[in-house]
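Q: The residues making up each chain are set out below.
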Amino acid sequence: MYLGKTIEELHELLVNKMVTPFELTKEAIDALKKDTTNAIETICEKEALDFAKTLVDPEFDNLLWGIPYICKDNFSTKGILTTGSSNILKDYVPVFDATVIKKLKEKKAVLICKSTLDELAMGGSGMTGHKGITYNPYDSSHTYRIGGSSCGSASLCAQGIAPLALGSDTGDSVRKPATFSGLVGLKPTWGRISRFGLFPFAPSLDHVGYFTRSVKDSAFVLEVLAGSDIEHDATSSPREVEKYYSLVNGSIKGKKIAYIKEINKGIRDQVIKDRFDYCLDLLRKNGAIVEEVSLDRNLLASLYPVYMIISCAEATSNNANLDGIKFGPRIGGETSYQEVMMKARTAGFGELIKRRFVIGSYSLLRENQSVLFERAQKVRHLLVNKVNDILKEYDAFIAPCSGRIKSEFVENSDNVTDEIDIDKMIIENHLGIANFAGLPSISIPVGIDNGFPFDFNITGRAFEEVNVFNIAYVLENELNLKNLSVIKGER
Amino acid sequence: MNFEAVIGIEIHVEMKTKSKMFSSSPIAFGKEANTLVQPLDIAFPGTMPIVNKQAVINAIRVSHALNMEIDHELWFDRKNYFYSDLPKGFQITQDKRPIGKNGYVDVKLSDGSVKRVEIERLHMEEDTCKQLHMADYTLLDYNRAGTPLIEIVSRPNIRSGEEAMRYVEAIKSIVVFSDVSDGKMEEGSLRCDVNVSIRPCGSEKFGTKVEVKNLNSTANVQKAIDFEIKRQTKLLLSGIPVEQETRRFDEMKRETVLMRKKTDSVDYKYFTEPNIVPIRLSNEFVENAIRTCPELANEKLVRYINFGLSEEEATQMLQNRALSGYFEHCLSINVKRAKLYWNWIMGEILGYLNKNAIDISKLKVTPDNLDHLIEMLEKQDLSSNQAKIVFEKMTIDNKDASKIVDELGLKQNSNEDEIRALVDEVIAEFPQSVIDYKAGKDRAVGFLVGQIMKKTKGKVNPAVTSKIIIENLKTK
Amino acid sequence: MLKYDLEIIKKCANNLMFDMSEKEYQVLLKEFEIITKQMELLGEIEGLNDVTPMTFPFDVYTSYLREDAEGECLEKEEVLMNAKDVLDGQIKLPKVVG
Chain A
1 MYLGKTIEEL
11 HELLVNKMVT
21 PFELTKEAID
31 ALKKDTTNAI
41 ETICEKEALD
51 FAKTLVDPEF
61 DNLLWGIPYI
71 CKDNFSTKGI
81 LTTGSSNILK
91 DYVPVFDATV
101 IKKLKEKKAV
111 LICKSTLDEL
121 AMGGSGMTGH
131 KGITYNPYDS
141 SHTYRIGGSS
151 CGSASLCAQG
161 IAPLALGSDT
171 GDSVRKPATF
181 SGLVGLKPTW
191 GRISRFGLFP
201 FAPSLDHVGY
211 FTRSVKDSAF
221 VLEVLAGSDI
231 EHDATSSPRE
241 VEKYYSLVNG
251 SIKGKKIAYI
261 KEINKGIRDQ
271 VIKDRFDYCL
281 DLLRKNGAIV
291 EEVSLDRNLL
301 ASLYPVYMII
311 SCAEATSNNA
321 NLDGIKFGPR
331 IGGETSYQEV
341 MMKARTAGFG
351 ELIKRRFVIG
361 SYSLLRENQS
371 VLFERAQKVR
381 HLLVNKVNDI
391 LKEYDAFIAP
401 CSGRIKSEFV
411 ENSDNVTDEI
421 DIDKMIIENH
431 LGIANFAGLP
441 SISIPVGIDN
451 GFPFDFNITG
461 RAFEEVNVFN
471 IAYVLENELN
481 LKNLSVIKGE
491 R
Chain B
1001 MNFEAVIGIE
1011 IHVEMKTKSK
1021 MFSSSPIAFG
1031 KEANTLVQPL
1041 DIAFPGTMPI
1051 VNKQAVINAI
1061 RVSHALNMEI
1071 DHELWFDRKN
1081 YFYSDLPKGF
1091 QITQDKRPIG
1101 KNGYVDVKLS
1111 DGSVKRVEIE
1121 RLHMEEDTCK
1131 QLHMADYTLL
1141 DYNRAGTPLI
1151 EIVSRPNIRS
1161 GEEAMRYVEA
1171 IKSIVVFSDV
1181 SDGKMEEGSL
1191 RCDVNVSIRP
1201 CGSEKFGTKV
1211 EVKNLNSTAN
1221 VQKAIDFEIK
1231 RQTKLLLSGI
1241 PVEQETRRFD
1251 EMKRETVLMR
1261 KKTDSVDYKY
1271 FTEPNIVPIR
1281 LSNEFVENAI
1291 RTCPELANEK
1301 LVRYINFGLS
1311 EEEATQMLQN
1321 RALSGYFEHC
1331 LSINVKRAKL
1341 YWNWIMGEIL
1351 GYLNKNAIDI
1361 SKLKVTPDNL
1371 DHLIEMLEKQ
1381 DLSSNQAKIV
1391 FEKMTIDNKD
1401 ASKIVDELGL
1411 KQNSNEDEIR
1421 ALVDEVIAEF
1431 PQSVIDYKAG
1441 KDRAVGFLVG
1451 QIMKKTKGKV
1461 NPAVTSKIII
1471 ENLKTK
Chain C
2001 MLKYDLEIIK
2011 KCANNLMFDM
2021 SEKEYQVLLK
2031 EFEIITKQME
2041 LLGEIEGLND
2051 VTPMTFPFDV
2061 YTSYLREDAE
2071 GECLEKEEVL
2081 MNAKDVLDGQ
2091 IKLPKVVG
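Residue numbers (the numbering used here), protein chains in the order written: chain A, 1 to 491; chain B, 1001 to 1476; chain C, 2001 to 2098.
Calculated from the structure, these hints are not laboratory results.
We put the beta carbon where it would ideally sit given N, CA and C, even for glycine.
Don't take each hint at face value.
[What the hints assert, rightly or not] Label-pair distances were calculated between CB atoms; the ranges are:
| id | chain 1 | residue 1 | chain 2 | residue 2 | range |
| --- | --- | --- | --- | --- | --- |
| 1 | A | D91 | B | V1266 | 48 to 54 Å |
| 2 | B | S1110 | C | E2040 | 31 to 37 Å |
| 3 | A | N385 | B | L1235 | 55 to 61 Å |
| 4 | B | R1254 | C | E2040 | 27 to 33 Å |
[Claimed, not checked] Covered stretches of chain C (in silico footprint by chain B; criterion: 3 or more residues with CB under 8 Å from a CB of chain B, positions within the stretch not fixed):
| id | stretch |
| --- | --- |
| 5 | 2062-2073 |
| 6 | 2083-2094 |
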């Protein structure tokens, strides 16, 4: 009965003692047990209920007090199984908490579940986790995907089970599934939230991100999670954390917003096209200046191969610690340490990520680095320069998250493919721009078509999360699409 | 045909910082296995490196001592390979931008000439975990994993075993005196890999190089290289090509033995460590690190010579940092006694330490008390033989030297009036000695001194006594 | 021109300490074809040589260095609890040679 509410709504109920954290947690855990989307790695039932029981004195200025939340299973949680949805970590129990987990604990938010992901976050389909496919709760026919890699968090948040679900975003792993599940998905500036305890995929692109069902909720959560973590993450920014929650007021008067012609060219659904124009009008109505800009199509098309090379190269090294010696299963290997590693890694990694590791490793070889890894890094630099040129003039740019409202499951959809449709390639990968350049980027619901929600994305200048929130907030208010969930759909 | 050797040396120095290179785990030896470990050290997923300030300061100090250009921006790279002792599957090191580059060190050779050894680079990195090899399995202890290391890579402009040895000694002296490391080769806190090849004199091309490992003393560096040069020369002269391989020095056989043939060189797939953003060091930081560096041996050498030691003596004292530290203490009491302190430290003290196989930190005699003893000697209150006896007592519990002298009743009489009376007494007893002396037999003086010593049980100052005897005899 | 074939790819995989099935290698070979072709095309992008390889998403520097002080360690049990083969408080491996 309290499912499908936002953090703000639940907070109101909690401080007015209409419901206790324990009751909320209990209800959420019961709902988790009924999940039909295969979104769960571990339900933290005992830990959550025990912790919720201790929460008796409401904290009025702390929106997260007693709020149940979900966490992608690639964040280190002390004493709680953390698998990365990979067999190589299927029995790994961390001995320390990720910084974000620690911060949420300090705010008395209640971790109720570790959610599925594409294996070690290296996929975008929601199909490659060791437990199999995670489905989209908006589609009981299991035809359309929710996307990945933060598939489990997206599904559970969209089911209304918790108002907050942590994810990670290396290419678009929060912001892409957000569109297929009608959620607010945020990835702030690189370095804004400490990555300590997040299993690394590609550190130069990795971000902590999360799903909420309202922009204000998202702003408050950022206020809690952001900040320097100088003793644990050398890339975390020492910049002061802004009061995002109170700064989100929908004021976008005079803000300059761009949309990129070459991205929009890939839209293949008239509903999206119309909605886009409608949204631009809403923004203009609220005082923003909205203009079309152009960005080199070849550079945009390079996003996919460049992302593949950089992320795979970094990933091959980041996952070299998974060798079956210190943790993870020992499959056997009585003759040598090489055999121990070989057996553990051969059995432990899925097919897709093994192939990605090989691509990454190959691109780092001495004789290939200049043509592969370094070239990818240079193209990244060029593209980032171009994007930053746009952001010199504009406060943000807006784009559809995908060319389509829904996306079918396609076998091996994460394989490297020779996409001949450049426009499609661009629109399905452009969210990676914000990872390349480390920019704050939010996906927010803008429409529902035949029962399927979809989002647009807003990306702004580094450390200017407030602009991004405000633009999103305007659309949320104007479109009246706050707090979408499957429950609301049913009601 | 004449050959020349081309030798390059890589030295790994384990720093003695309080905490590890990238985590704050303490560094200590001999602790229970796996008790000095933080999540990063055992590479639990999600851990990230944070650079240790002291390790950077140490690297700056050594770079400066080696006349290197110091990079004021720190970048780290990953060296990727799989090995049982490498927890992360990569080592964080500095590949593209070492903190120090293009340096040199001058070393003095036995023929008096000076060799300038060129140094290519100095960088920081981290140590691996320790493997304990049993009969049919291996055990892993992560206490050592992440200990900060400095790697110093020379250019291949070393030409002989002696040059190599002097070079390693010079590096060792710098890291020890700058407090960067214990520099103990025998314990592995300074490790040395040597590349040796030979080529016909005048040739520009390099020969096939052989790597020699397991060198646990500077003497062995020289021996191994000399052996290797001979071995390779013999091969080439018999028309057999040198093979690229790794060898180790066998101390018993005093020769290098094959460990493994080198296959194709490993590709470490280096790339910039993305979890450490570049660190900018201010000029002030770098200058301060250099300015506050403990005094190095070559600086001490100049000072010691100014205090009256010969270059040889000064060099000898600086072979051992702890010994020279003791010497420094003594100097701070009375710099004019530099030579006397040196004599005592290199003589009695070193003898005592060697005899008991202890290190000077275990010596109970304080510099103050030693100085006290030397003062009594200087005043001739004590004969040098007596002083040695007193010193031995001092080593037990550092009892005050003068107290020991009193207790043993050793104090020497130098009072000329009292001695004069004794002289009169013995001359009266032995009139023959006056006759002998007049006859030019100088040993009469020694005889009389001996008689007085006998009478007084050795408690008079022999020099004063002998002077008075001569005065007396001359008047007869 | 990038050089790759089944043998090189297999060696790459084995250097990463895992193996794959023949079918998987065939899929990978196809992926190699596509990605290397795409990357070679990117060599022709204008202005490529005017930029440096980008390691971080934006210019970012720090002057922070951790003070050299001893921090807290894990309990030995925590260090070892995820390892599958432990002996005498240490992780056990088959004898490591060379």
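Q: All hints are to be evaluated individually against the structure, with a verdict given for each.
A: Each hint, compared with the structure:
Separated by about 32 Å at the C-beta atoms, A:D91 and B:V1266 break the suggested range of 48 to 54 Å. At roughly 59 Å, the beta carbons of B:S1110 and C:E2040 sit outside the given window of 31 to 37 Å. Our hint of 55 to 61 Å for A:N385 and B:L1235 holds, since their Cβ atoms are close to 57 Å apart. For the hinted restraint 27 to 33 Å between B:R1254 and C:E2040, the CB-CB distance of approximately 56 Å leaves it violated.
Figure legend: the stretch 2062-2073 of chain C, annotated as covered by chain B; annotation consistent (12 residues with Cβ-Cβ distances under 8 Å, at least 3 required). Here's how the stretch 2083-2094 of chain C fares: 8 of its residues keep a CB closer than 8 Å to some CB of chain B, so the rule of at least three is met and the hint holds.
Hints 1, 2, 4 from the earlier list are contradicted by this structure; the remaining hints agree with it.
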